[in-house]
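Protein chains in written order, with the UniProt record's numbering: chain C, 1 to 406; chain B, 1 to 406; chain X, 1 to 406; chain D, 1 to 406.
In short, the hints are calculated from the structure, not lab data.
Quantities reported herein were computed from a predicted structural model and do not represent experimental measurements.
Don't take each hint at face value.
Said to hold, decoys possible - Derived pair list, reagent style BS3-like, types lysine-lysine, alpha-carbon separation capped at 25 Å:
id, chain 1, residue 1, chain 2, residue 2
1, D, 247, C, 102
2, C, 102, D, 231
3, B, 247, X, 346
4, B, 101, X, 231
5, D, 346, C, 247
6, C, 110, D, 231
7, C, 346, D, 247
8, D, 231, C, 101
9, C, 102, D, 225
10, B, 382, C, 375
11, X, 399, D, 375
12, X, 247, B, 346
13, X, 231, B, 102
14, C, 225, D, 102
15, D, 101, C, 231
16, X, 231, B, 110
17, D, 382, X, 375
18, C, 247, C, 58
19, D, 382, X, 382
20, X, 110, B, 231
21, B, 102, X, 225
22, C, 231, D, 231
23, C, 144, D, 231
24, D, 102, C, 247
25, B, 144, X, 231
26, X, 375, D, 399
27, B, 225, X, 102
28, B, 102, X, 247
29, B, 382, C, 382
30, D, 102, C, 231
31, B, 375, C, 399
32, X, 144, B, 231
33, X, 102, B, 247
34, C, 231, D, 110
35, X, 101, B, 231
36, X, 102, B, 231
37, D, 375, X, 382
38, C, 382, B, 375
Chain by chain, the residues run as shown.
Protein chains: 4
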Amino acid sequence: MLKLDFHPAGRHFLQIPGPSPVPDRILRAMSYPTIDHRGPEFGALGLKVLDGIKKIFKTSQPVVIYPASGTGAWEAALCNTLSAGDTVLMYETGHFATLWKKMAENLGLKPEFLGLPGVEGWRRGVQADLIEARLRADTNHVIKAVCVVHNETSTGVTSDIAAVRRAIDAAGHPALLMVDTISGLASADYRHDEWGVDVTVSGSQKGLMLPPGISFNAISPKAMKAHESAKLPRAFWDWADIVEMNKQGYWPYTPNTNLLYGLHESLEMILGEGLDNVFARHQRLAAACRAAVTAWGLEIQCADPAVYSPVLTGVIMPEGVDADAVRKLIYEHFDMSLGTGLGKVKGRMFRIGHLGECNDLTLMATLSGCEMGLKLAGVPLKSSGVTAAMEYLTSHVAKPSLKAAA
Amino acid sequence: MLKLDFHPAGRHFLQIPGPSPVPDRILRAMSYPTIDHRGPEFGALGLKVLDGIKKIFKTSQPVVIYPASGTGAWEAALCNTLSAGDTVLMYETGHFATLWKKMAENLGLKPEFLGLPGVEGWRRGVQADLIEARLRADTNHVIKAVCVVHNETSTGVTSDIAAVRRAIDAAGHPALLMVDTISGLASADYRHDEWGVDVTVSGSQKGLMLPPGISFNAISPKAMKAHESAKLPRAFWDWADIVEMNKQGYWPYTPNTNLLYGLHESLEMILGEGLDNVFARHQRLAAACRAAVTAWGLEIQCADPAVYSPVLTGVIMPEGVDADAVRKLIYEHFDMSLGTGLGKVKGRMFRIGHLGECNDLTLMATLSGCEMGLKLAGVPLKSSGVTAAMEYLTSHVAKPSLKAAA
Amino acid sequence: MLKLDFHPAGRHFLQIPGPSPVPDRILRAMSYPTIDHRGPEFGALGLKVLDGIKKIFKTSQPVVIYPASGTGAWEAALCNTLSAGDTVLMYETGHFATLWKKMAENLGLKPEFLGLPGVEGWRRGVQADLIEARLRADTNHVIKAVCVVHNETSTGVTSDIAAVRRAIDAAGHPALLMVDTISGLASADYRHDEWGVDVTVSGSQKGLMLPPGISFNAISPKAMKAHESAKLPRAFWDWADIVEMNKQGYWPYTPNTNLLYGLHESLEMILGEGLDNVFARHQRLAAACRAAVTAWGLEIQCADPAVYSPVLTGVIMPEGVDADAVRKLIYEHFDMSLGTGLGKVKGRMFRIGHLGECNDLTLMATLSGCEMGLKLAGVPLKSSGVTAAMEYLTSHVAKPSLKAAA
Amino acid sequence: MLKLDFHPAGRHFLQIPGPSPVPDRILRAMSYPTIDHRGPEFGALGLKVLDGIKKIFKTSQPVVIYPASGTGAWEAALCNTLSAGDTVLMYETGHFATLWKKMAENLGLKPEFLGLPGVEGWRRGVQADLIEARLRADTNHVIKAVCVVHNETSTGVTSDIAAVRRAIDAAGHPALLMVDTISGLASADYRHDEWGVDVTVSGSQKGLMLPPGISFNAISPKAMKAHESAKLPRAFWDWADIVEMNKQGYWPYTPNTNLLYGLHESLEMILGEGLDNVFARHQRLAAACRAAVTAWGLEIQCADPAVYSPVLTGVIMPEGVDADAVRKLIYEHFDMSLGTGLGKVKGRMFRIGHLGECNDLTLMATLSGCEMGLKLAGVPLKSSGVTAAMEYLTSHVAKPSLKAAA
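The shape of chain C in the complex, shown without the other chains:
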């Protein structure tokens, strides 16, 4: 048996913004023996998860499930709809937007990278007016797609996708709208159909509370039409055969069976709780987390309250404090993993994940670990964030979901 078990006594707190903690129910479901992916049981399973996942994306269109982790779903979105040399308009919300742009380049596309200058763009959401202006200028419709990140995992900013849709429509531009909500799905409200998204990209290891290993493309009819003329080479990622075989609950090649067991369980949990309840829970915990950061006198990475992420909160360190040294201290003393600062904000901030399998007491444990760690690291704090978070939670009481026996 794997000897990762060198932890001190007690449970590790995995408070990075994904992979999020996998609930026991899901780990147990995933330990069901692997079955024949061509047998009748598998078809029943396939149909069930393919139907359920549509509800999570709020779509009635096909959602392709890849036996590959999230980065693959980025590639799939691009290579199923575009041809070598195509121009795509991408928006720099942070590190992951930057990585997606780099991938576009590697695949032979021509990404244009839009955004506010400097670090400022990493503290705000997508500026839809910039997109509209750029599209209006593109009178020849050279731009084939607009690519934005819904929940930027590197910063804790959740952009307004409906506004991007309105911008494209206002410009009267035919570009596809592609959205990465890898870390947003099932934590932040998301509406593939209503918002007119053409391809939505997501993954398993965030709001779905699964281990990494499967990823998604939700596909509009317009995107499916673009697929016909798109010329980037593709085989593993090709939508056509998958969508066709999915009608019977099967896949053209070997699917990731045990993660599909986990997805089945995840869907039962999320749809059982109710998507809106899930979103409200995330919003409430995120607000309590921000109350703590504010009480500490520290700055939140997201500078625009309208686009605070319900998934994670970025915490900026005072000048002269190395955020990674603080994280390291917290890991070593309190057995908690926090997210590092990425790219432009490396060493300047850390990220607290409060997504998926998270509740009031897990959040309080997390904030206590941060507060004690900050104190041990010598970071001056204005007041107790833990106290502020408890204040928030007790003055915004959630409907009790458990009923003790009389």
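Start from chain C and add chains B, X and D according to the hints.
For chains B, X and D alone, coordinates are given in the frame of chain C:
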């Protein structure tokens, strides 16, 4: 699959003083397929756990493992050493001492119940001088055994067993010393041999971090000698055949195989951490918990700092507050289970378990849940216990047990 | 993690007559985290399993579930209904009947042991006429209970309990009828109420497909009445408090929570398949097994076809062959565990378990292992038992329970 | 919990040539909680599995592990080494070779498909002389790569890769040698370095006994050099960043953490048993399986004894028998999954998997199920294959791997 899964999202906090949370490692170990309890693999397993458990009791004498929960081990201790009508001196530390006394009566023994009057006895440890005085008075040696509870689970008091031994010796009395450390073992320091205990009774679902279902008798040579002349009927509980067959790693009747897998894992974890480190961790967390209770301005059930329990802390409610109503509110709002007040203190206090699979952040989550629940219940609090506990933990830093990568 | 994993590649075949192989579904259910046995979830679980287990015993009376393995339930049956010095009429069907009798002696009862002489009694079921004759002779009603084993695990004989009931009634004798169906329950038809049994004793690790660790007493009103006047000391085993608290789904002391999760799953599986279907499956597999033994030219331990066990088959070795040497060879070469001969038949026979989680192909694997092992051991075989068993199974086709996709 | 549990009682026999049955040990290892893939524990795990997997490929060169199922690793091999329009020489051993060729076309390569005419090519291994002749004719070195399947899963033929290497060398041709051993790895002897393979493609769900979801490219220095000039677009599959980050045990994007836990366990099991022992076990079981098919009087799909597969055996049905109807009957009556005939041999044959977690008794169960199913389907059988297989196994006794207690 069992549908106990009606919990809201996130992990339940099981902070009763046992059953304590079972670590994933142990649950996984217990899911190993059941094997032939007469086969060679089983013998190897049996020898290993029988050897390891001795280290936990700090004994070189036999430790019998019953495929039965803890109450059975109480019965085993009595019926293996005593005869109908025998007088036993038992000490009232709280509810569990009272239950053991009641069992002695049911088995046809004559227990004498010693203790301080009223509720006072439930707030202090065993008064060894009372025992000594009583034994000195028993010049005919009518008393056959002295029975005390090491860690009284109903109150959070950990009595001084060495002092009881000294009292018996000072009285020059031949009575057996029997000790219940069901909730103390592997959390509070315990020394079967050094303290001259004749029978130590314990169970699986506390410091050993296992589910309930196995229990223990550690047996001194003197107790084994008493077994020869003891006349209470016994079969399932009889030590003789078990001790004999244990020499090869087997049991005379079917053992609880999967719990023995769990015990094997538990021993690896506890002995891996080091018994002294385990004890120090419990002491530190208990101290932080008491710092919180004190900061709230509430009273601790244990009134004598010398015998504070490292396992649990009893919290007395102000006059007029129903402790069970507070517990119920905390359960419903924060998905945390706390221990109820038992017997004489029913409704007057609740109990916080901080044993076994517990660390700094789990304790902070627990105290946060208590503080928020007390607040919602309208209990006036002097100051933030959570803040006080963090203050304690950061000023009593444990040696970091993890080393982050450079 | 436990290193029992020194097996060669592939699955171990555990074909002893209990513990039987625990299905993955049950192992997974048992890995659900331990909960508060005083909390509301537990009460719901308790009520559910207490209700379900009655269906398995075919009773509407209370069934007590002990957090102890099966031997304890033997003791419970005796000490709840009898007093020191009481005479009990016990019937020698084999090794386990003998052990139960020995226990009765240890508890201070006076067992009379009835049976056919020599090894012959170990090859036939309970002779109800002998019981009737003895009871008729007991005009003073000195005999307080008649104790018989339903499915004798040491021989593979399933006695006719209804006939025993008729014998007692015919004799007009008031003795209690106590039946051990530890290895029969949920594999062989059993009817606690219809057969007028007063106490039925059973365990978890056979037809219920659970690990060992819980056991049962089903209790008639007459037995419950006897409990009032019975004088054997009892505490852990006492029915009164348990039956009372069970009404709310709880237990007076800590139950074996994780095994109750397993029991819940087991009940879902068995009642889902249908008890009658379960019995028919066992009968069919047992008949195929006997077809194999007969084809080999070996003798079946049970000499009376009317009482062949559906649970296990005892296979007698030819003169001069050490059955345990054959078992050892099979274990070493084919990674299969078979049951040893016990007591009077030690070394003369081995036992094949075909109970619980068993189907056609598992049985064929088992018989193949036996046939190859017998061959390697040099035991002369008349013909292929494996071929005979296949012949039986294909000429007694079970209704297909699976439906492949079109 | 997933309700796939509509099986009749007893264990399903998954005897397709992959996914192969996942051992309990591996399922348990995979249920370890997901950790931070940027944390120190992960790095230690990464280094360990990256080192171990090299031993399985018998290489000292990098092995890339993709968080994607096997088809992806085919694509990776091609797009990392080739450019649009490149000619590749592929060899038609069966259905999977055909699928790989189709993928090459989809990616814009020009595959030439070599092979014996008709179904004949599907009954024999790669004819190295045909490859040599074709390469000799390619004086301009238009052919950039030779692609062959080591163990053709659709037929049960294991080609001689060393002979292909010799053919390329004899022709003095610079083409890369790429080999798919998705279903051969860890079951059939394979030597990446010794045989001079440039890219070896494999997957998790066969000999490694894991669920599907990770796949592999073992890479020679020559292939790594080709990577520099290869022009097919690539991002997710690109070797460069992965190989670089693997040096520290990490991946550039989120790896499939829980499957890596499983891989860790798999490596412990396989290397613990010893690779050569694993291969010998597969050879012995495959020979026993073929003995059965021959005894039945049925034809084996592989017509050349020199290239019989140790992984699976294809069984050809007599004229007029629909192989899939037989498979369906076996599935419905005996709860066993067999492999269907694919492509050119659809309906003409079925496939028996005997790989990975397989031992003597599992094979005997499998063959019994086949024999009973064939009989029920009315297929005339010459003699008992089950008897023949037992004859083979008992006359080719493996060294006992277990030692029973004295």
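Hey, residue 231/X versus residue 102/B, does the alpha-carbon distance stay inside 25 Å?
OK: residue 231/X and residue 102/B at ~16 Å, within 25 Å.
Pairwise hint evaluation, residue 225/D against residue 102/C, where the allowed Cα distance is 25 Å at most:
Distance ~23 Å between residue 102/C and residue 225/D Cα, so the pair holds.
Restraint check for residue 382/C with residue 375/B, where alpha carbons must lie at most 25 Å apart:
holds, 23 Å
Mind checking the alpha carbons of residue 225/B and residue 102/X for me, to see if they're no more than 25 Å apart?
At roughly 23 Å apart (the allowed maximum being 25 Å), residue 102/X and residue 225/B satisfy the hint.
What's the verdict on residue 144/X and residue 231/B, does the C-alpha distance respect the 25 Å limit or exceed it?
holds, 23 Å
Residue 144/B paired with residue 231/X [C-alpha distance capped at 25 Å]:
Holds, at about 23 Å.
Restraint check for residue 399/X with residue 375/D, where alpha carbons must lie at most 25 Å apart
Holds, at about 16 Å.
Holds or violated: residue 247/C and residue 58/C, Cα atoms, limit 25 Å.
holds, 19 Å
Going straight from one Cα to the other, do residue 101/B and residue 231/X come out at no more than 25 Å?
With Cα atoms ~19 Å apart, residue 101/B and residue 231/X stay inside 25 Å; holds.
Measure nothing beyond the straight line between the CA atoms of residue 346/D and residue 247/C; if it is 25 Å or shorter, mark the hint as holding.
Roughly 22 Å between the alpha carbons, so the hint for residue 346/D and residue 247/C holds.
Straight-line Cα separation of residue 375/D and residue 382/X no greater than 25 Å?
holds, 23 Å
Holds or violated: residue 102/B and residue 225/X, Cα atoms, limit 25 Å.
Satisfied, since the Cα-Cα distance of roughly 23 Å is no more than 25 Å.
Going down the numbered hints, you'll see the structure goes against none, and every one checks out.
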